[in-house]
Amino acid sequence: MLGVIRRRVACKGNPALNLEQGIRVIASRAFSSTAKEMTVRDALNSALDEEMSADPKVFLMGEEVGEYQGAYKITKGLLDKYGPERVVDTPITEAGFAGIGVGAAYYGLRPVIEFMTFNFSMQAIDHIINSAAKSNYMSAGQISVPIVFRGPNGAAAGVGAQHSQCYAAWFGACPGLKVLVPYSAEDARGLLKAAIRDPDPVVFLENELLYGESFPVSAEVLDSSFCLPIGKAKIEREGKDVTITTFSKMVGYALQAAEILANEGISAEVINLRSIRPLDRSTINASVRKTNRLVTVEEGFPQHGVGAEICASVVEESFGYLDAPVERISGADVPMPYAANLERLAVPQVDDIVRAVKRACYRSSSLAATA
Amino acid sequence: MALYLPILRRKIGYLAMMNSTLSNFKTSFLSDKNSITTPDFCNSFSRRFHSSKADNLFDFMHNGGDSKELNFPGGIVKFTSQLKFLADVPEERVHCYRVLDDSGQLISNDFVQVNKETAVKMYKDMVMLQTMDTIFYEAQRQGRISFYLTANGEEAINIASAAALSMDDLVFPQYREAGVLLWRGFTLQEFANQCFGNKEDNGKGRQMPIHYGSNKHNYFTVASTVATQISHAVGAAYSLKMEGRDACTITYFGDGGTSTGDFHAALNFAAVMEVPVIFFCRNNGWAISTPVSDQFRSDGIVVRGKAYGIPSIRVDGNDALAVFSAVCMARTMAIREGKPVLIEALAYRAGHHSTSDDSSKYRPIEEIEWWKEAQNPVTRFREWLQGEGLWTTQAETELRDSARKEVLHAIQVAEKAEKPTVKEIFTDVYDVLPSNLRDQEKSLRETIERHSQDYPIDVPL
Chain L
1 MLGVIRRRVA
11 CKGNPALNLE
21 QGIRVIASRA
31 FSSTAKEMTV
41 RDALNSALDE
51 EMSADPKVFL
61 MGEEVGEYQG
71 AYKITKGLLD
81 KYGPERVVDT
91 PITEAGFAGI
101 GVGAAYYGLR
111 PVIEFMTFNF
121 SMQAIDHIIN
131 SAAKSNYMSA
141 GQISVPIVFR
151 GPNGAAAGVG
161 AQHSQCYAAW
171 FGACPGLKVL
181 VPYSAEDARG
191 LLKAAIRDPD
201 PVVFLENELL
211 YGESFPVSAE
221 VLDSSFCLPI
231 GKAKIEREGK
241 DVTITTFSKM
251 VGYALQAAEI
261 LANEGISAEV
271 INLRSIRPLD
281 RSTINASVRK
291 TNRLVTVEEG
301 FPQHGVGAEI
311 CASVVEESFG
321 YLDAPVERIS
331 GADVPMPYAA
341 NLERLAVPQV
351 DDIVRAVKRA
361 CYRSSSLAAT
371 A
Chain B
1 MALYLPILRR
11 KIGYLAMMNS
21 TLSNFKTSFL
31 SDKNSITTPD
41 FCNSFSRRFH
51 SSKADNLFDF
61 MHNGGDSKEL
71 NFPGGIVKFT
81 SQLKFLADVP
91 EERVHCYRVL
101 DDSGQLISND
111 FVQVNKETAV
121 KMYKDMVMLQ
131 TMDTIFYEAQ
141 RQGRISFYLT
151 ANGEEAINIA
161 SAAALSMDDL
171 VFPQYREAGV
181 LLWRGFTLQE
191 FANQCFGNKE
201 DNGKGRQMPI
211 HYGSNKHNYF
221 TVASTVATQI
231 SHAVGAAYSL
241 KMEGRDACTI
251 TYFGDGGTST
261 GDFHAALNFA
271 AVMEVPVIFF
281 CRNNGWAIST
291 PVSDQFRSDG
301 IVVRGKAYGI
311 PSIRVDGNDA
321 LAVFSAVCMA
331 RTMAIREGKP
341 VLIEALAYRA
351 GHHSTSDDSS
361 KYRPIEEIEW
371 WKEAQNPVTR
381 FREWLQGEGL
391 WTTQAETELR
401 DSARKEVLHA
411 IQVAEKAEKP
421 TVKEIFTDVY
431 DVLPSNLRDQ
441 EKSLRETIER
451 HSQDYPIDVP
461 L
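Top line first, the protein sequences correspond to chains L and B.
Residue numbers for the first sequence follow full-length UniProt numbering, beginning at 1 and rising by one.
Residue numbers for the second sequence follow full-length UniProt numbering, beginning at 1 and rising by one.
Honestly, the hints are just simulated from the structure, not real lab data.
Certain hints may be false.
Using 25 Å as the maximum straight-line C-alpha spacing, the simulated BS3-like pairs for lysine-lysine come out as follows [said to hold, decoys possible]:
| # | chain 1 | residue 1 | chain 2 | residue 2 |
| --- | --- | --- | --- | --- |
| 1 | B | Lys416 | B | Lys442 |
| 2 | L | Lys57 | B | Lys339 |
| 3 | L | Lys81 | B | Lys84 |
| 4 | B | Lys199 | B | Lys442 |
| 5 | B | Lys241 | L | Lys57 |
| 6 | B | Lys216 | B | Lys199 |
Build out the structure end to end from the sequences listed, making use of the hints.
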């Protein structure tokens with residue numbers, strides 16, 4: 001029920017007045033002491049603005065980033081402020097502008113390339129992997145590629161199979177890349193700034209449905225020098241019975257699930273991964289060694305997913321600490337259907353997380369018995 | 001007025017894109033029949049930026065009823081009442097620029113003069129390239145290196161184009177341009193070290209042979225991916241433009257590479273962005289076993305430049321002076337205008353595609369031999385050089401002799417040198433060595449120590 005309300009409200013882009021936000025505020029108040037709120041969209045926009053202002057080598061490139069103010073308005077106002085040489089509207093060729101961005105990065109500039117969604121990055125994936133990720137290694141350190149590829153990733157709402165895939169697992173497999181997955185406004189600001197400043201190529205996976213969501217931000221987060229370390233996960237909610245690892249939009253769902261579980265006497269620790277590559281294995285393992293149970297949550301396809309890697313890591317490093325098999329929650333093993341009811345069934349919902357945690361805690365019967 | 005309405009309706013279709021409302025347009029235009037005033041809705045557009053010259057948006061309105069032409073989006077077009085298609089094949093192919101004839105005699109007075117020292121260096125480097133290619137190829141056949149690719153038949157393309165550039169110009173090669181690197185000062189030893197993947201290789205043994213790269217020489221490391229360097233060159237040219245440098249980028253690719261998506265996107269983009277890049281196509285007739293007739297049906301690559309709005313030229317790739325002149329001119333144009341230029345050098349791939357290929361399987365040996373003899377770029381340039389009194393037969397013998405000795409020596413040294421240490425498996429994946437790789441290296445070293453008999457002796461630790 002909660003899941004349905006949240007999705008409807010998120011679609012309309014109106015975060016005001018809903019149960020879910022109330023819960024989130026309660027959950028997040030424990031970790032920040034501020035009145036100021038910021039949407040993820042504004043967080044990204046301000047991060048881009050500040051980094052472009054600080055370093056004249058940073059420039060943006062992508063479809064509709066300039067005149068149109070960004071397909072999702074993330075780059076709003078930047079063309080006006082920095083001019084067409086630093087905010088470049090491109091023809092329709094992801095392969096083209098990704099390659100050109102990489103070339104610019106080869107020789108001194110710091111491009112931020114926007115894919116309208118990461119589904120379109122598949123057109124450019126040769127440049128991302130073979131021209132960006134591997135170049136420093138293949139050239140023995142002669143060619144560094146300080147480029148950022150950013151854009152919305154994963155399912156939005158009602159956009160069908162070719163607009164809904166999550167690419168965290170694919171990019172996360174590649175050495176040479178860094179892959180970041182912000183959730184909150186603080187994540188968005190801190191990680192995007194870190195990505196732009198990083199000398200290595202970074203894939204920055206946002207989420208369209210999170211753009212309009214507001215999160216509290218402290219004065220420290222709003223400062224222009226604010227930066228989050230790459231490769232460190234954040235414990236969004238501490239707990240002692242089970243560890244839930246997740247990223248991006250699913251962090252919100254996991255926090256909701258944790259609240260429901262708390263009422264039933266299960267204390268869940270929610271880890272916001274923030275970084276798929278490098279994966280913060282030490283935080284994950286330390287948490288599992290504390291709770292002895294693990295549930296991984298992601299929106300993407302199940303086979304070879306992020307959860308599979310986390311499960312392997314935990315089995316390799318903390319096998320003796322596990323009191324139950326690891327549960328993986330992921331999107332369904334089908335291309336995303338369009339009809340709203342089918343789409344809802346193809347993506348994890350809060351109840352799925354709750355049920356999985358209960359199974360891991362042996363509070364309910366096995367998977368086969370549940371729907 | 002009724003006569004004008006159909007015309008207006010068509011124009012309104014275009015205007016509708018600009019957030020106008022039909023009623024606004026009608027009232028403001030129709031109310032004032034005699035003057036053509038700017039309708040009110042024009043002020044409601046968002047500001048448009050013009051980084052390059054663009055037509056006045058409202059020119060379309062001032063045709064004054066003349067129906068011989070129309071200012072469509074994209075510019076004024078004249079109308080024709082003839083139902084005629086442009087031909088697929090031109091009546092005559094684009095002419096090929098040449099300065100020296102088959103026997104090295106000057107037949108043009110429209111070329112860029114080369115000074116004596118440059119001309120002699122050009123010849124010496126062409127011979128060195130030939131020698132290096134022959135001996136390295138043999139080394140691969142003997143099993144001493146795993147792979148090699150020659151530039152047989154393209155010595156003039158390599159050396160003459162390099163000679164026309166400055167050291168500040170950035171080179172984005174495909175893989176058949178080792179001569180450009182040779183011209184810039186990469187030593188025979190450095191070439192050999194890369195092919196043998198030894199400790200001295202500035203590529204740290206990371207890549208297979210012929211994947212040279214050197215920051216010092218502004219030569220971007222060769223990658224195996226075909227035609228990706230074309231887009232990279234455009235991006236780097238954009239960076240040069242932002243920097244305001246007196247330099248351009250040059251990128252080389254073959255006839256096969258022009259079929260890729262990267263070629264299209266890069267040329268189109270370069271024209272739109274207006275960046276100083278020279279696109280140099282080595283049309284040597286073959287992409288492994290695919291002849292150009294199976295690669296495209298256009299009149300070669302030169303006509304494609306026109307399609308993208310890029311000035312282009314076709315040159316005789318076996319004529320060093322023609323290549324030199326074309327690249328000199330292209331460089332001036334690219335830097336002065338800040339715009340791309342396309343050069344198509346026609347040549348013949350006299351060697352096999354690589355050591356993994358035997359081209360006699362798909363083309364007649366007589367054909368290969370003919371091109372090697374009759375259209376040899378090195379021979380032709382030597383004949384011109386001798387005609388100018390800058391070269392002698394003795395100099396030739398001495399050069400060939402010493403070149404051979406130098407190459408053999410470089411190979412011997414490279415072969416004996418140590419391989420890179422185990423640590424180089426892990427470095428350069430990222431700017432800073434990450435903790436997981438540090439752990440893996442530690443674990444690898446422990447394993448090697450414990451099971452040293454399972455590891456080859458020649459891998460230094």
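Do the hints match the structure? See the list:
Distance restraint check for Lys416/B and Lys442/B: the Cα-Cα separation of roughly 28 Å exceeds the 25 Å cut-off, and the hinted pair is therefore not satisfied. Between Lys57/L and Lys339/B the CA atoms are separated by roughly 21 Å; this keeps the pair inside 25 Å, and the hint holds. For the suggested pair Lys81/L and Lys84/B, the alpha carbons sit about 48 Å apart, so the restraint of at most 25 Å is broken. Distance hint between Lys199/B and Lys442/B is fulfilled; the C-alpha atoms sit about 21 Å from each other, no more than 25 Å.
Only pairs whose Cα atoms come within 25 Å are accepted, and Lys241/B paired with Lys57/L is accepted, the gap being roughly 12 Å. Taken as a hint, the Lys216/B and Lys199/B pair is honoured in the structure, with Cα atoms around 18 Å apart against an allowance of 25 Å.
When each numbered hint is compared with the structure, violations occur for hints 1, 3.
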